[in-house]
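K.L.:
In case you want the letters, here they are:
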Amino acid sequence: MTRLVVNPQQVDVINALLPSDTRVSAVRLTDNAFTLGADLLTDCDTPTDTYYEAREILHSLPQREITSEEILNQVVSDER
Amino acid sequence: MIIGRFSLSRRKPLIEFPGIDPTARDWQQRVIANGGTVTLPTLKAVSDYIRAQKSSGLWSKKLYVHLPCGDQLAAAKVPQLVGAGSSVVTTFNIVEGDFVNTGATGGVKGNGLDKYWNFGWNPVTVGASLSNFTLSSYVRGTELVGTSRTILAVNGPSINLTQLAWAMVGTAEIGSVGAATTSEYAPTVNSAREGYLSVSTNGSRSQQYYVAGVATGTPVSATGAFFNGDFFVLAGNNNGTAGSFSTRYIRAIVISTGLSAAEQLTDYTIMQAFQTALGRQITP
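Chains W and X are the protein sequences, given in the same order.
According to this note's numbering, the residues represented by the first sequence are 1 to 80, in order.
According to this note's numbering, the residues represented by the second sequence are 1 to 284, in order.
Because the hints were derived from the structure by calculation, they are not lab data.
Cβ coordinates follow ideal geometry from the N, Cα and C atoms, glycine included.
Among these hints, one or two may not hold up.
Cβ-Cβ distance ranges computed for the label pairs, FRET-style [as the list claims (entries may be wrong)]: (1) W:Asn7 - X:Gly57: 51 to 57 Å; (2) W:Thr30 - X:Ala273: 34 to 40 Å; (3) W:Leu72 - X:Ile159: 22 to 28 Å; (4) X:Ser183 - W:Thr30: 16 to 22 Å; (5) X:Met168 - W:Asn32: 24 to 30 Å; (6) X:Pro18 - W:Ala38: 41 to 47 Å; (7) W:Asn7 - X:Ala261: 50 to 56 Å; (8) W:His59 - X:Ser260: 51 to 57 Å; (9) X:Gly83 - W:Pro19: 18 to 24 Å; (10) W:Asn73 - X:Val169: 16 to 22 Å; (11) W:Pro47 - X:Arg51: 52 to 58 Å; (12) X:Thr247 - W:Asp31: 23 to 29 Å; (13) W:Leu72 - X:Thr283: 37 to 43 Å.
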């Protein structure tokens, strides 16, 4: 699956941009990288899209192919 | 400005339909305020559900009702009965494509990895009764897998578990209301369970599991408490951290006070009619 590589500070920036009822939280990989689902990019380009306010930073994140074996756990943002 | 049955605002047209229950109309207006829309057939299905609940005397037992439906995710995030919960649920990593209003893929689908929501309902701050409590969810999909998958839950570290889930304890579909330990789960048999699933206490700490309104499995008594936290959906709130993510489709989340066996069957019948109206019913 394709994921977006992100760091915890970027997660907080994204959440600060989004409406209070919309949040992202990162999944940590076995190599301690943090990732978000690439499907966020399918819902951020037009003003009515769920993640529109964070579109610029979402599009700037590098993409990475990962396997399910690489997934360590899910990290909840401090913004929750 | 109001013209006949149509009231126009600057942002979106507000279309009021005659013959719709006032509680359903209130929900429709909250959907519009959240940037969503709802078609007449869906609004009528919600109205029929609420009216049937009211006429059967069950609406007054409802503490929270969320039937995710409408034309887009913004509509689906608005509960029909907010109670002590959030007026709009807080979604995590859920995108528009995760929600479908009608048909076989109707509901909000999890991915078993990072998608879930919090509806701001904490049984401790609400003051819910451990011996008079019902947790229900309408789901599509089974998870006969080698790991726990949660429909909705709040719990401490392996204690005070209130939930509906596929659990690895006995590898069973389970429910619990303040279970002190995993041995206090009310399980069903180890087979696929989908549709309207519910666990209820009704006048005692005895927990009864229900599938499609019918008591299933042996009642189990619980001795724990509610954990002080919000329920998560498509995942469990495990001491403040989301985990045990589900891949199922969530079509309803309902919290009620205690329901008798007869009330469970009535509640199911009304719920099944609603899901059928949207073409997303599960045949028991």
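K.L.:
Now tell me, hint by hint, if it's right for this structure.
P.N.:
The hints, checked one at a time:
1. For the pair W:Asn7 and X:Gly57, the beta carbons lie near 54 Å from each other, so the given range of 51 to 57 Å is met.
2. Against the hinted window of 34 to 40 Å, the Cβ-Cβ separation of W:Thr30 and X:Ala273 comes to about 47 Å, which falls outside the hint.
3. In this structure, W:Leu72 and X:Ile159 meet the distance hint of 22 to 28 Å, their C-beta atoms being roughly 24 Å apart.
4. Taking the beta carbon of each, X:Ser183 and W:Thr30 are about 33 Å apart, not inside 16 to 22 Å as hinted.
5. Checked against the hint of 24 to 30 Å, the C-beta distance between X:Met168 and W:Asn32 comes to roughly 27 Å, which is consistent with it.
6. The beta-carbon spacing between X:Pro18 and W:Ala38, approximately 45 Å, falls within the hinted interval of 41 to 47 Å.
7. Hint check: W:Asn7 to X:Ala261, Cβ distance near 53 Å, so the stated range 50 to 56 Å holds.
8. Our hint of 51 to 57 Å for W:His59 and X:Ser260 holds, since their Cβ atoms are close to 54 Å apart.
9. X:Gly83 and W:Pro19 have their C-beta atoms about 22 Å apart, which keeps the hinted 18 to 24 Å range intact.
10. Taking 16 to 22 Å as the suggested C-beta distance range, the pair W:Asn73 and X:Val169 conforms, at roughly 21 Å.
11. The given range of 52 to 58 Å is broken by W:Pro47 and X:Arg51, whose C-beta atoms sit roughly 36 Å from each other.
12. At roughly 25 Å, the beta-carbon separation of X:Thr247 and W:Asp31 lies within the given 23 to 29 Å, and the hint holds.
13. Checking the proposed 37 to 43 Å range against W:Leu72 and X:Thr283 shows it holds: the Cβ atoms sit about 39 Å from each other.
The earlier numbered hints that this structure contradicts are 2, 4, 11.
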